[in-house]
Amino acid sequence: MIEVKDLHKHFGTVKAVDGVSFQARDGEITGLLGPNGAGKTTTLRMLYTLMNPDRGQVLIDGIDAKQDALAVRRRLGVLPDARGLYKRLTARENIDYFARLQGLDDTLARTRREQLIKALDMADIADRRTEGFSQGQRVKTAIARALVHDPKNVILDEPTNGLDVMATRGLRQFMQHLKQEGRCVLFSSHIMQEVAALCDRIVVIAHGRVVADETPDALRAQTGEANLEDAFVKIIGSEEGLAA
Amino acid sequence: MKTTLTVFLKEVKENLRDRRTITSALLYGPLIGPVIFVLIMNTVLTRELNKADQPIKVPVIGAEYAPNMIAALKQQGLLPQPAIADPEEAVRNQGAEVVLRIPADFGTSWRKGEASQVELIYDSSQRDAGSSVERVRHMLDAYIRRQGAMRLVARGLAPTLMAPVTLDERDQSTPQSRAGQMFAILPYFFVLTVFMGGMYLAIDLTAGERERQSLEPLFANPVPRWKVLLGKLAAICAFSLTSLLIGVTGFGICGRLIPAEKLGMVINLGPSFAGQVLLIMLPLVILLASLQTLVAAFAKSYREAQTYLSMLMLVPALPSILLSVMPVKVAEWMYAVPLLGQQVGITQLLRGGQLSAQEIATCVISGLIVALLATLLTARVYSTERLAISA
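Protein chains in written order, with the working numbering: chain G, 189 to 432; chain A, 2 to 392.
I should point out that these hints are in silico values taken from the structure, not numbers from a laboratory.
Any given hint could be a false lead.
Chain G regions said to be covered by chain A (calculated; three or more residues, Cβ under 8 Å) [stated by the list, open to error]: (1) 273 to 279; (2) 285 to 295.
Example chain G residues on the side facing chain A (calculated, C-beta under 7 Å, incomplete) [stated by the list, open to error]: (3) 261; (4) 321; (5) 324.
Model, not experiment: these values are computed from the prediction.
Backbone N, C-alpha and C define an ideal beta-carbon position, used for all residues, glycine too.
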């Protein structure tokens, strides 16, 4: 369960996040949708305590991120915008490193690692050094690394960025799988179809603010557009109109 | 502790797989110093020694005006060469190191018992000329003194009239202390070795990680950043310490190849020297690792970090340069200043002096305190928000 209450963050004079609030529930996939530069990545970075909010509160399973950042990080599996694998280590070694940093003992680490390698269908690349991996292979490794400690909450920043059709399909299935396991999945995207296909709930962000927080159906009903993409454009567009 | 160890082991493993780091930290860094050193010393020493043993060739203009003097100089090892047309030009463009010119009226004034003039033409700004000029001047002096003495004797006077005071020089330098002077640059080599040994790691572990965007996922793990930093510092120290070990061993072996004893010098770079060097260099290993990481943390990219660190590399050279241009008397407080303390201490060892336990302790403890401060500062920078953000 991820709760965000009235988050603010500015860089110089730019208000990157300007009062964002939403909830992401367990057993659901929540999509954070917004155009480039809307403040999605900054919001997520505050969730996994890489950045401190100027104002507002982040609660992960009821734990305040400000009070106990380490406990919050222990409950999160994070695929940041920056995938950043260690090129001179193999995929397995990359996963092991994070397992140890999460404090798993060797047996548990091995079991989890092999489970993830199987679930993500990456046995063929597991013992290769990650230098020269394709975008899809990199994302798989980064996800395995992020989920090795079996976190209840999963945050994925633009997970399908740069992936081909097959890799995207695989990843969507994997996210559904995470949802079936009862996890709270929060991911960001700027691609409408993807969000529509996956999400139980859509949080639309524009100019650092939440402009809609609905189920896909409700979003369509609210805007009177049968097509989600049109609904999306209408929401963002009208909001821009209001701001101007 | 476990986190730090995990980070340390991973960084060491990863960097052992990087050829550039390995060659720079464990090959070029520590070994280029001793090798260059031996090459230079051998060339210089061999040339000086050869010069001293061999007859010296000097073009002589007007040799026919002073046949007796030339014969006497020949006995002392001077080989007169045929006259050359423009001696001034020749010494300037290194055609000759020194030229002797005897004027046509040499014989006339000689016979009158007046002072005859001879000219020694050389260019003192030519590095090579110095010892040749010295030798020729020495030969001439000897001849002049002898002839003066003979004139006095011929007139029934004691030659000692010419020398109311005799000068006896008593040089208190030892073979080791003369060597110490010559090898004053050595301490800088050791500092440089430590610096080079850790440099690529320091860049890679902070600026490099950020550039490759792996710092953000790393910090998403439930571990305090200072523990991660300690692991990284430990890895840097491990590399620079290994580098220093190789360097000290290298100098120990190379020290035997320098024919210093031919110049009446002794250099002792053996195990006891190596041990003490390692001990007083230890705080510097930690201090430099922290400083390098600190600098790398401010750089936006790998390249930028490389530029900054190359500039930082000049800082340890300052004490070496200062001490070599102005001979400062070694004072106790110097041991308490990191870099300066190591410089003074190692120089002392090279001169064959002993370092007291107190001097070593001052050097090590003050170094460790400064290293600790640098580490705390680096930890502060490490915990800032912008450190992990790569884009």
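Here's how the hints hold up against the structure:
| no. | hint | result |
| --- | --- | --- |
| 1 | 273 to 279 | holds (count 5) |
| 2 | 285 to 295 | holds (count 6) |
| 3 | 261 | 4 Å, holds |
| 4 | 321 | 13 Å, violated |
| 5 | 324 | 17 Å, violated |
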